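**Q** Make the full structure from the sequences, and use the hints.
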Amino acid sequence: MIWKPEEARRVLERSIKLSRGKDVLARLSGGGTRNTRFAVGEITSTGEAESAELSVQVAFGNRHGTASVNQFDDATLRRCVETAEEMAQLSPEDPEFMPVLGPQKYDQPRAAWDAKTAAFSADDRARAVAACLEPARAAKLTAAGFIETGARFQAVATSAGLFGYAAHTSADVSCTFRTSDGTGSGWAHANSNRVGDLDFGRVARIATDKAQRSQQPQKLDPGEYTAVLEPAAVADLVGYLTFTMDARSADEGRSFFAKPGGGTRVGERLLGRFSLSSDPAHALAPAQPFDGDGLPLRKMAWFEDGELKSLLWSRYWAKNKGHAPTGRPANRILRASGPTHTIEDMVKSTERGLLVTRFWYVRFLEPERVSLTGLTRDGTFWIENGQIKRPVKNFRFNQEVVACLAGAEMASQPVRVSTGEGTGPTVVPAIKAKGFHFASISDAV
Amino acid sequence: MRRLADAALSAARASGASYADVRVVRMRRQNIQTREDHVVQVSESDELGVGVRTIVGGAWGFAATNQVSVDDAARTAQKSAATAKANSKIIAHPVELAPAPAYLDTWQTPRQKDPFRVPLKNKVDFLLEVNREALKVKGVRYCSSGFAAISEWKYFASTDGSYIEQDIVRLWPSYTVTAIDVGKGEFQSRAHGFPPQQGGYELVEQSTLLADAPRVASEAVEKLHAASVSSGKRMLILDPAHLWLTIHESVGHPTELDRALGYEANMAGTSFATVDKLGKLRYGNELMTIWADKISPGLLATCGYDDDGVKTTRWKLVDRGLFVGYQTTREQAAWIHEKASRGCSYADSYQSFPFQRMPNVSLEWNQKKDLTLDDLVAATDDGILILGNGSWSIDHQRYNFQFGGQFFWEVKGGKRTRPLKDVAYQSNTIAFWHSLDLLGGKSGWRAGGSLGDGKGEPAQSNSVSHGCPPCRFRDVNILNVGRRP
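Respectively, the protein sequence lines represent chains A and B.
Numbered by the working numbering, the letters in the first sequence go through residues 1 to 445 in order.
Numbered by the working numbering, the letters in the second sequence go through residues 1001 to 1485 in order.
It is worth saying that the hints were derived from the structure and are not from the lab.
Note that this is a predicted model, so its numbers are computed, not measured.
Don't be surprised by glycine CBs; every beta carbon is placed ideally from N, CA and C.
Please note that the accuracy of each hint is not assured.
[What the hints assert, rightly or not] A partial selection of chain A residues facing chain B, derived with a Cβ cut-off under 7 Å:
id, residue
1, Ser45
2, Glu50
3, Tyr361
4, Arg363
[What the hints assert, rightly or not] DSSO-like mimics (lysine-lysine), calculated; alpha carbons at most 30 Å apart, straight line:
id, chain 1, residue 1, chain 2, residue 2
5, A, Lys299, A, Lys321
6, A, Lys319, B, Lys1184
7, B, Lys1277, B, Lys1368
8, B, Lys1412, B, Lys1233
9, B, Lys1138, A, Lys259
10, B, Lys1184, A, Lys321
11, B, Lys1184, A, Lys309
12, A, Lys140, B, Lys1277
13, A, Lys321, A, Lys22
14, A, Lys259, B, Lys1136
15, A, Lys219, B, Lys1277
16, A, Lys259, A, Lys299
17, B, Lys1085, A, Lys116
18, A, Lys434, A, Lys309
19, A, Lys140, B, Lys1280
20, A, Lys321, B, Lys1136
21, B, Lys1138, B, Lys1184
22, A, Lys434, B, Lys1421
[Stated by the list, open to error] From chain A, some residues computed to sit far from chain B (all C-beta separations above 10 Å):
id, residue
23, Gly61
24, Asp181
25, Gln216
26, Gly223
27, Thr226
28, Ser275
29, Lys348
30, Arg390
**A** Below you can see the structure in the form of structure tokens.
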């Protein structure tokens, strides 16, 4: 159930009023998610869940505590506030505590809410599953996948008069189809704020094509190869890059963005011709325009034409260093300056290289160099003389993200993708990168 | 509570359900985070709700709500049945549940001191004292510490006649020390390996967390100045505080039956340990016996009954190297012609659909000889000893894995000679477990674990432990991940 702004405001203000604290921050979020899973060619489970959670942070001076509940009767609200107060009173002084914010203005993303998505039912999902299964059945592939829609809201209020409210819908579909001999696997996905944007049949056809073409992969020696990375793979790299962009960590010398001898690398050209930005009002990836403190998340340029323009500034560290706070990225938008190319262009221009559909189990190897390890999955192909020649066995990669992006030779138009790492709405291009380090072979299909 | 459960079950039956279960779940969490000389977060959450699972026309349905009343439970059951009906139109294979006895029972984590009742001040003082001790070591710049307590209370009832109440408490104190060489622009961190586990606050009070702080801090500094490892095939000695995660990834996940049969293909992946290999595959050599269990005291996945209402048990997954068992639920038992579930159903919240989750999966100690970690080091002429967990990653069928660690020793001539850095090892599951050549004994057996093992769509989190003795492996591929990734 989606709470209306006035309903959310009423509960938030009631919570704030119940507290004796000077600084009170109350957050309310909730809504519903609905999903259907399918595997081995049929529906395996489904779920529809409604939830709402209230979180109240109370501060007495610099002592603060936070409590949260998901019941909204008056007794529970009182208990929540009392718990937060009790924790605040028992907590030592926190010299980093920031007083709550007063009223703020937010740029509300227009495309975030879609009534059709909010109403997408179990029957609708079952029909969508049938649309996904049809190409797989025709091609005698074993189909697995997931369809989920969500309709959620977030609201925040403070004792200093701030109130923010945002609601969004979401729709995701992903398909993994495997060949009956177990040697081929293909994956495709789509996500949007509007379920009407999802073409279930198209996603299934791409997964079908990838599965069929990836059958009977051959071994290729590990090594450095030119890599054409499809957008889903690029999104994982970008997600991990932004995990390391905290300004405080850089100032404290524990980050790739710390300069040896002190200071940060802001102003250095690190990312070739890529620009990385955030924009809650972005047409493809509308996002919540405030963070958990109610701080507005505005349009931000993190990298511009490769140059590091800004790190991520928390409110405390920004105040400490006389900088404006930025909060976290509302979303992640990566684009390249100059001409864009299709994936087909990238393949055609590649003498010897690999086409990668997506990555799996990506983890930091060495955070101080933003080096990652992970594996390719669900469609990895050998390119020779401008053509996709054959499927190859999957690889583990060990690769520095910045070097990969800095050395990229081509990029496509950015598209919206979902990531396996839960980094929120992401819009990235496919890229062609030189010298990508495929470190060892994986027999996984 | 029983009235609410009965209302949900009746409504499910009236909506055509051939089976239904209801879980009322209350999750409480307390979290304290500190850094250096101050607290940065103190929070407590309390979540309550009802989830109802139904089978109608052979298909699963599920619905959940945070509205906890008799009427809402009945309404949620009807909604659950409606989703099942929608799915039943396009399924080919109706769900069949293995039989399970009905239980009227309660179960709780044995504990002396409820961590939620221990005064906040005691916990904060303890964490700040750890930080102070760590920061006394020259070269250490930062120390972050934390304490997490999770209380999972649930009431389960099913149309098979079970009514089960369980009260599970898990906790995890932790800290990480960071040393920095500003001039070189390098930093190194060392985390304490104290595992999350079930129990009361007495676990913290009886621990060596505080006493270990100077050593852990010194090791962070030593890592800064450690020699970079040479890559190549080496003997590898793995401490239990490291090896538990290798077991989790290379044995725990591959032996999940839903994975092996393709039910997790879209996200978590499948498994090389397919059903045709059961009873035939040599997973490792004779030294390798792996037990699955949900009954060992203190381990994270332990409970009285799973979320299918099945009484928990202990069984072998690998017996002296031979692959002999899977993890199953009531739905899955028949898939491999077993008559009863192994009791591995779990949902991480009232909102989540229960499905097969990993029990505790542990490596049996050496029954013949009580070899210690020091014995393994003494027996090694040229090798590397890894303590604690670092980077970890494994492919989606569980063949190729690569692990880092927290601290690395070069071992030469039976002695720890110097600290190393930039170490990772890469191997393949079957080759790795066949290379096990020294198995530690009972005295060195320890359990590590995770409060956040992910699986499923939407993603669910499971708490699971893995016990093991220290072990040595031959000819493992060591990588230098610092020189060139």
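**Q** Would you pick out the hints that fail for this structure and give their numbers low to high?
**A** none
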